[in-house]
Amino acid sequence: MKKVILKSSLGLAVAFASTQLFASGFALNEQSISGMGTGFAGRSSSADDASTVFGNPAGMSRLKREQVTVGGAAIIAKSDIKGSGTFGGSNDGDMVPVVGVPMGYYVKPIDDHWAFGFGVYVPFGLITDYEHGFAGRYFGSKSEVQVVTLQPTISYAFNDKVSIGFGPTINRIDGTLESAALNRATPGSNDGKVKITGDDTAVGYNIGVMVQATDRTRVGLTYHSMVDYKLKGDTKISGPGFGPFSGSKFDASLKIKTPESVDFSVTHELDDNWTLYAGSTWTRWSRLESIVVNNEGTGPLAPALGQIAEEQNWHDTWAHAIGAAYKLNKEWTLRAGFSVDQSPANNQNRSPRIPTGDRKVFSLGAGWNPSDDMTIDVAYSYLMEEDVKIHQSTAITDPSFKGSYNAKYENSAHGLGASLTYRF
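Residue numbers (the UniProt record's numbering): 1 to 424.
Hints were generated in silico from the structure; no laboratory data involved.
Accuracy of the hints is not assured; some may be wrong.
[Said to hold, decoys possible] Heads up, simulated DSBU-like pairs for lysine-lysine below, C-alpha to C-alpha not over 35 Å straight-line: (1) Lys249 with Lys108; (2) Lys195 with Lys249; (3) Lys330 with Lys161.
[Said to hold, decoys possible] Now the in silico label distances, taken between C-beta atoms and shown as ranges: (4) Asp92 with Lys255: 32 to 38 Å; (5) Asn273 with Asp94: 39 to 45 Å; (6) His320 with Gly297: 45 to 51 Å; (7) Met226 with Pro102: 23 to 29 Å; (8) Asp129 with His320: 29 to 35 Å; (9) Glu269 with Gln348: 44 to 50 Å; (10) Phe264 with Ser412: 26 to 32 Å; (11) Ile110 with Tyr223: 21 to 27 Å; (12) Tyr223 with Met384: 25 to 31 Å.
C-beta atoms are modelled at their ideal positions from N, C-alpha and C, and glycine is treated no differently.
Please put together the full structure from these sequences, using the hints given.
Pasting the structure below:
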């Protein structure tokens, strides 16, 4: 019986393993391909295309033509695991399949001051699927979560220097959490299974300000609000370890708040060809102290299934990025970036569901303008994560006893992205 973690895109009992993600915790960075090319430096101060709806809604005032930006990113992760569990098992690693992250935005200037926009994007999401017989299966065997956000947005330009933007966010979270359940009669074999699913829809908001400080320097500040979820779903149990209760289903609920974040960045046009970017993001991950799933009507199984709880004790994080773009000619722009990102997890509570450490990310990108009406952006990122260790154990007197699991994870990932912007 397992813990449940949740994120900006998840379902009821959701565990957020973030090995394949390019932001801390279970957050995703991939809401803009043009931004991906510079390591997301300058995200709140650039406004290169309609993806500014997410990056900084105030940036819509800089887009003088109606336009649509659509695209997606693919994240290809790799994990090497060395470890062992009390009841044996394997550590094949590479439990993260290729993950797709779609996005789409629309911006329409209304007059010299007002602009309207709309965005659809994925701020949080993941899937981890360990092999059958994984040594840490009692602490988590599969986690799948998705958060899809809709954001209608308006911006207002006071003058040529200062603009603001605001957009409510409508966030749908769906998730599944699975783990093996120990059969005490035959430990290590004939396992049972616990599967928790759930969903919810909750509202938040994004707000931003952008200032043209000098003719060549622009600064931006964006606030992404906390979102308060109250997920509802069910817990299903199966396998010989549950005896006559195998196949039963119980109502389940989970309350969780995804963290607010603040992004500050600077865009500086060094000359007609070079543009430099820098930015920092603070995320309030300390909201995630523990994950508690309440199961109703479990009867004799109440000691084991009445409440599933896991301590997280995450801490707030900072991410920093620098980047540059070079305008090769009228048609081509080349980009590069580097970012560092703290992990919110601590060594004591880290689990197989979230075996995350501090990251470093190198990015390259390019923008091609075959005409004044169209831009095609592509980007590539390589993520290196520090090696992390997991030490999980339970007491034999615990009703949900699952032995122990100790392992070392070496995680890395490649990201590929492409988008199309069309101006009307």
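Results for each hint:
1. Lys249 with Lys108: 48 Å, violated
2. Lys195 with Lys249: 9 Å, holds
3. Lys330 with Lys161: Roughly 26 Å separates the two Cα atoms, so the pair holds.
4. Asp92 with Lys255: 32 to 38 Å: 35 Å, holds
5. Asn273 with Asp94: 39 to 45 Å: 42 Å, holds
6. His320 with Gly297: 45 to 51 Å: The hinted range 45 to 51 Å holds for His320 and Gly297, with Cβ atoms some 48 Å apart.
7. Met226 with Pro102: 23 to 29 Å: 24 Å, holds
8. Asp129 with His320: 29 to 35 Å: 32 Å, holds
9. Glu269 with Gln348: 44 to 50 Å: Hint holds: Cβ distance 47 Å, inside 44 to 50 Å.
10. Phe264 with Ser412: 26 to 32 Å: Holds, since Phe264 and Ser412 (Cβ atoms, about 28 Å apart) stay within the stated range.
11. Ile110 with Tyr223: 21 to 27 Å: 24 Å, holds
12. Tyr223 with Met384: 25 to 31 Å: 29 Å, holds
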